[in-house]
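There are 2 protein chains.
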Amino acid sequence: MIPKLIDPQSVAVVGASTKPGSVGYVILENLVTRFKGEVYPVNPKYDEVELWGRRIKFYKSLSEVKDPVDVVVIATPAPTVPKILEEAGLKGVKSAIIISSGFAEAGNAELENWVKAVAKQYGVRVLGPNCIGIYNAYTNFDTIFLPADRAGRPPPGPLALISQSGAVAAAIMDWAARRRLGLGFLANYGNKADVTEVELMEAFAADDRVKVITVYIEGFKYPGEAKRFLDAARKIAPKKPIVAYKAGRGKAAQRAVKSHTAAMAGAYEMYHGLFQQAGVIEASSVREMFDMAKALATQPPPRGGRVLVVTDSGGMGIQAVDALEALGLEVPEVPESIARELKRELLPFAAVSNPVDVTGSATDEHYKIVLDNLLPTVFFDMALIVTLMQVPGLTKNLAKYVIDSKRYGKPIAVVNFGGSELVQKFEEELEDHGIPVYPTPDRAAKALWALYKYGEVKRRL
Amino acid sequence: MIPKLIDPQSVAVVGASTKPGSVGYVILENLVTRFKGEVYPVNPKYDEVELWGRRIKFYKSLSEVKDPVDVVVIATPAPTVPKILEEAGLKGVKSAIIISSGFAEAGNAELENWVKAVAKQYGVRVLGPNCIGIYNAYTNFDTIFLPADRAGRPPPGPLALISQSGAVAAAIMDWAARRRLGLGFLANYGNKADVTEVELMEAFAADDRVKVITVYIEGFKYPGEAKRFLDAARKIAPKKPIVAYKAGRGKAAQRAVKSHTAAMAGAYEMYHGLFQQAGVIEASSVREMFDMAKALATQPPPRGGRVLVVTDSGGMGIQAVDALEALGLEVPEVPESIARELKRELLPFAAVSNPVDVTGSATDEHYKIVLDNLLPTVFFDMALIVTLMQVPGLTKNLAKYVIDSKRYGKPIAVVNFGGSELVQKFEEELEDHGIPVYPTPDRAAKALWALYKYGEVKRRL
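These protein sequence lines map, in sequence, to chains X and S.
Each residue of the first sequence is one higher than the last, beginning at 10 in this note's numbering.
Each residue of the second sequence is one higher than the last, beginning at 10 in this note's numbering.
These are computed hints drawn from the structure, not numbers from a lab.
None of the values given here were measured: they were computed from a predicted structure.
Any given hint could turn out to be false.
It does not matter which identical chain is meant; a pair holds if it fits inside one copy or across any two.
Stated by the list, open to error - Derived lysine to any residue pairs resembling SDA-like cross-links, with alpha carbons at most 20 Å apart:
{"hint": "1", "residue 1": "260", "residue 2": "335"}
{"hint": "2", "residue 1": "75", "residue 2": "349"}
{"hint": "3", "residue 1": "244", "residue 2": "234"}
{"hint": "4", "residue 1": "405", "residue 2": "134"}
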């Protein structure tokens, strides 16, 4: 149990600073200007300061704060941390986030052990040290010390990220913000002196706002962790999809992992096997992890692996089939009887096999005809829809037909490639209505594959 | 020889139209408003028309045009095409682009044979029919009948695309425009009644503005084509890189190719072997093809496969190494003596192995130190530089140091992930100075791999 760590109502910031750009300043600014809860800045150097158009009261120490505090954020020099943590314990604070570095990662294992001992004695759960902490888009509880002009903040949404790397987490946050990707929660656990990825996974599993848990991991550090991960993931996975990307696979990569997080990268095959057993869907890059997560957050798992491909570009349809087949998914032919029916309703030169190629002369209605005639049938489990909006006959109304097809209860992924305003508007409309859109056929195919895999996980566990 | 087909000085448009949105209208608008050459609209229905703020004179027929015409663009109903082509031949026009559809692709092989016969008799070279034709960003010779709000026009630049699919070509054009990717030329050959991809390849090989030729192909159609492709590519490849993506690999995909372009998709292995023999670099998707082309257009081929990885994020460094190793490239350790030197100049907790991790506390200068000390040495053939700009110490000046490193004559690829303005500005600065930037480590790794492969091709052929 990590009480209120990802979702506190009140926060104290020890090491809050008025020096622009400093870690204690950025965190204070995040919380004072945006957090929907109480903030108690702690720094003996200040009394009351005018900042961001408001008067901010500073406390000399944690014990001076009389109100209850859910989480204390510590951003002071490493040697001062154990004492501050002790104060937090005495005050009855249950969770702490130690941003400060200079512990085990800097050869100072003794100081980290001291932190662990204090945490244990007072029953304070500790995230970090040497971490960027938590971002919660729902309440703007945000300990990320990178200002928003460097690292954008994504909007609330169904995805949660647990990252072993702080810089990777910050880069993902910035990237998600730009793409309006609903990354509602982010947690980075740094040296993992106490709170582990497994406990964060359990916390996100218990939060109804989270629909998919993503995990960026370089390697476990301590004996028994693999087993605990397996046990926890097996329980969570049938209810909530977990997608993981294990970085550090080859020999040189494992050397790098060792020097980066002192984690035991171990043989990559061990992780691969572990993920399979645990029902965790494995991605092979950060981007792929979010491609999959976006689909898992919005689409039901399919009953089987048979994909209907609808396209207005023969070439794109072929690329989609290439990608689907390479992943072991099926692209079965359209049954003769339905094909004859389609032949009558589509353009004379449309291809009514699978992929169904409505051709570059298609209108929005042609997509509707194909989807309504094929998606509900027993012959297809999901649909990959290619909409090259560059052709003249398509309009933004096509989005409506695609969104309407959700009523058939089968997963859908759309490929939309280009850059013009029409393309972007169309894409936003679809994504706002829970249809995942990808720029290339291989990415959409991989997302459908993840849904298929998750269906298997649900059946198996 | 396809005289002036990709670069005419004067163009006649038969089927030029004043009906907004029609094929003949969009082509006329492209040419009248942007083409840096003479335009002769042909349509017996009009005399003089006021359009786009200018008076446009129409000709009743091709023979009425007294000036010489390099290329005639035909956008009239299919049955009228042979006669128009004959007129073009009588006038001495050497090249025609037939946009019109309704030929072999619509079951009308006889009409297409007639076109071929006329072309042969009069010595007119024909692109198409059933194609979108040519886009030349240098002169804005542009027969693409999709208006710019649907399909953006990319800026002049060193890449040329030959595409068997019109819709795929249009989508690529739109995508390239958005990304400011220098796609200087695009050619789509439709039914390939006369001019083939091989001749287009030779035309781009002969044009000094083209640095890299990209080819989107679904399959050859006629006997002997594979051999001609091989012979031509083997001659071109050592001088100018050719990157190809063959769509239609699996069984269902080949079924789709057959119905799309009536091409013989054949066993994918045949194409794979052909590309290898011909020295053509093979991509596995459209996006990958341009990732590679961008690097090939700006970077020299490396002497070997040893990559220096510099990063401010251990996690990203690990991902880069994963990707490089998976592609068979090496990430050798930094020699002991240089490592000791670096250790003194970088931060205490920087990793001085390979990847060199300057850490999230790095400054621009740390990158400079690493690049200057390692890239010129005999131990490394190229560099993959990860710059997560979300960390606090980096500024846009880092771009200068990266660009300066070009003086070592070794290929460089940069990974820059995120979305904030700083990230984008930094990226533009690098790309404007000929450093290819990628959003993820696997894409940068694949680009370096393409450079490595091209080095092999040059040595072999």
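Structure-based check of all given hints:
Proximity of residue 260 and residue 335 under a CA criterion of 20 Å is satisfied inter-copy only: 10 Å between copies versus 27 Å inside one chain copy. In this assembly of identical chains, the alpha carbons of residue 75 and residue 349 never lie at most 20 Å apart, being 77 Å within a copy and 52 Å across copies at closest. Proximity of residue 244 and residue 234 under a CA criterion of 20 Å is satisfied intra-copy only: 16 Å inside one chain copy versus 58 Å between copies. Taking the closest pair of Cα atoms, residue 405 and residue 134 never come within 20 Å of each other, the shortest separation being 51 Å inside a single copy and 39 Å across copies.
Of the numbered hints stated above, those contradicted by the structure are hints 2 and 4, listed in ascending order.
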